[in-house]
Amino acid sequence: MSRGAGEPAVEAVGVAKAFGRTPVLRDVTLTIARGEALAIFGPNGAGKSTLLRLCATLYRPTAGTLRLLGRDDRGPDVRRRIGLVSHQSLCYPDLSARENLTFFARAYGAPNPESVADAWLDRVALTDVGARPVRVFSRGMEQRLALARALVHAPDLILLDEPWTGLDAAAADLLQGILAALRREGRTILAATHDVARGLAVADRAIVLHRGRLEWESAVGADTPAALDAVTRRLRTPAAA
Amino acid sequence: MSLRARLALVAEHVLPFAATAAMLAALGCVFLYAPNERMQGAVQRIFYFHVNCAWSAFLGFFVAAGASAWYLWRGGETADQLAQAAVQVGMLFCTMVLVTGPIWARPIWGTWWTWDPRLTMTVILWTIFAVYLVLRSMGRDDAEIARYGAVLALVGVLDIPLIMVSVRLWRGMHPSVISAPKGQGGLEDPRMVVTLLVALAAFVLLFLWLLWRRFETLRLRDAIRRVEDRVMEARA
Amino acid sequence: MWTILQKDLLLELRTREALSALVVLMLLILLTFTFAFDPAEAATAAPAVLWVTFVFAGLLAVQRTFLIERENGSWYGLLLSPIDRGAIFVAKMTGNLIVLAIAQVVLLALLALLLGVEMPRAPLALFVVNGLGLVGFSALATLFAALSVRLRAREMLLPLLVLPLLVPVVICAVEASRVVLAGGGAADAGAWLRVLATFDVIFTVAGWLLFEQLVQE
Chain A
1 MSRGAGEPAV EAVGVAKAFG RTPVLRDVTL TIARGEALAI FGPNGAGKST
51 LLRLCATLYR PTAGTLRLLG RDDRGPDVRR RIGLVSHQSL CYPDLSAREN
101 LTFFARAYGA PNPESVADAW LDRVALTDVG ARPVRVFSRG MEQRLALARA
151 LVHAPDLILL DEPWTGLDAA AADLLQGILA ALRREGRTIL AATHDVARGL
201 AVADRAIVLH RGRLEWESAV GADTPAALDA VTRRLRTPAA A
Chain B
242 MSLRARLALV AEHVLPFAAT AAMLAALGCV FLYAPNERMQ GAVQRIFYFH
292 VNCAWSAFLG FFVAAGASAW YLWRGGETAD QLAQAAVQVG MLFCTMVLVT
342 GPIWARPIWG TWWTWDPRLT MTVILWTIFA VYLVLRSMGR DDAEIARYGA
392 VLALVGVLDI PLIMVSVRLW RGMHPSVISA PKGQGGLEDP RMVVTLLVAL
442 AAFVLLFLWL LWRRFETLRL RDAIRRVEDR VMEARA
Chain C
478 MWTILQKDLL LELRTREALS ALVVLMLLIL LTFTFAFDPA EAATAAPAVL
528 WVTFVFAGLL AVQRTFLIER ENGSWYGLLL SPIDRGAIFV AKMTGNLIVL
578 AIAQVVLLAL LALLLGVEMP RAPLALFVVN GLGLVGFSAL ATLFAALSVR
628 LRAREMLLPL LVLPLLVPVV ICAVEASRVV LAGGGAADAG AWLRVLATFD
678 VIFTVAGWLL FEQLVQE
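Chains as they are written, first to last, in the numbering used here: chain A, 1 to 241; chain B, 242 to 477; chain C, 478 to 694.
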């Protein structure tokens, strides 16, 4: 699967999002090719989560155009190919892990929901607690479940919102492994994170969002950490003339 | 000139005069031209206002429903502003119906209120759109509340025929105080028909003018807010 | 749609929250009425008591179908999936209807016991009549209940939004119940039932069509 073949995964032109009178994203123009991995950096409130949710079809842009996987609409065909890993697990606390995954597998139309669910339980090392209700899970276990839930339908576009926050070392390694596998399969990945090291390790390109604007964009190379540092310092000081 | 600009021109310059002239003509007809109704006497003249307020209210609510549907499917704040303006103007007329009704009822039936099907229906309609106004004032700029308001307006109007039928059936079960000739006495004199038509024209023009003014107010308010927001941002 | 319905029913079976809260609430409301009414008036007041109880207890039950989607943000999980939003509406509405139908049985039994209302010889007619009303109630309430799925505080708005629109249902269901309780068959309540059925169709279809636009942010 060659990278960048065909339509870009995400094509945003002048995208803005406001909630009521509060603008969160302003004039974001960005193209992400198929199979690319993008790291999104920026302080809290920069609009990282909002950008991811826009790409997940959860929000409609208030201005600009956003094409996802080559389509203008946000219908079932598009949603079927997108997976979002959020702060919350999006799972039902009173159902077991297995029941949750089976439900979502079925919701996405997977042919063998039970076996797909079991396969993913295995992959995130939750098989032995598969029958316990999600309510009793620890934070780390919940996050692994959230990952499985987002990937159970083999999406082409994967969106991760602060995936490394609160993960222990073992879980973090698990995540790296899964992300590496996804990259080999040619899937597109967008990850918003504060963890610069981990973010850069997985990404081809990086952007910095600040107060809803795209402030910096670059391919990931040896000089990227230093460049990022410079950008962060620049953005922290109040605007000069 | 764009359609908007053309509409604005007519609305600002022609409409106020047309509405005033028509209303003066209507007042003349109602008080000077139309004859006294046989059974009810002079009080019956309220009919021309009462009925037209009702029709204007309905017009307002239908416009609101249409604008709401547009807002839900196509988005855009103009549709929402139009819907809000239409509900506000509609409610004004609806309240007038509920005020002129009892004023008419008192001398005719000797009572201020009666569960006459049409009055009952008007109260229910008034409540539905009063809730709309409460909802919108609570939600202010929230887009979700705006969507729910739009749904409320739309299903509210869909509900109207059902409310009418069920209230009529209900009144059939509980015979009213007096079988009233309200508007049913028939407009025997052709002068009454003329008066009614003139009054109708006057009220429609008045409705359009009020709708335009409310819509413009809401539109300008939102535009000002946008400018305010941009200033705040530039400062920050 | 079946997937969601299945999931909701499974959840309900697990926790039994909705049904138990509903039954207890209905009992409390009925008890209040018992103290307010002279037993002789009970029979004539019964349909009204029935529906007032349904409406207030029912609104809380309907809230719950969306409350369960709030924890862990599973509502967004549903929105992310390719499931048609209209199907989500129908699934939630059907789930509510099932819970309300079960509640109806309990309520009618309580009515017979506490208020000494005589059940007609053909209780099925009573269920049909009220069932039709519950379908309409379910459709309307489910449509607006989604308001509280993001912000809990908005729950308070639900009665405001639903009650005025519900008037045709309340009028027709109460009158039709009255006819049946007085010994008539379902056919005698014909006119009322026709209105109820029309309401049901219109609002179910409206909800199904509108839900997509309603929940998309």
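Everything labelled a hint here was simulated from the structure, so no lab data went into it. Please read all numbers here as calculations on a predicted model, not as lab measurements. Cβ coordinates follow ideal geometry from the N, Cα and C atoms, glycine included. Treat the hints with caution; some may be incorrect.
Unchecked claim - Derived contacts from chain C toward chain A, CB cut-off under 8 angstroms, selection only:
hint: 1; residue: 515
hint: 2; residue: 544
hint: 3; residue: 558
hint: 4; residue: 560
hint: 5; residue: 564
Status of each hint after checking the structure:
{"no.": "1", "hint": "515", "verdict": "violated (45 angstroms)"}
{"no.": "2", "hint": "544", "verdict": "violated (12 angstroms)"}
{"no.": "3", "hint": "558", "verdict": "holds (4 angstroms)"}
{"no.": "4", "hint": "560", "verdict": "holds (5 angstroms)"}
{"no.": "5", "hint": "564", "verdict": "violated (10 angstroms)"}
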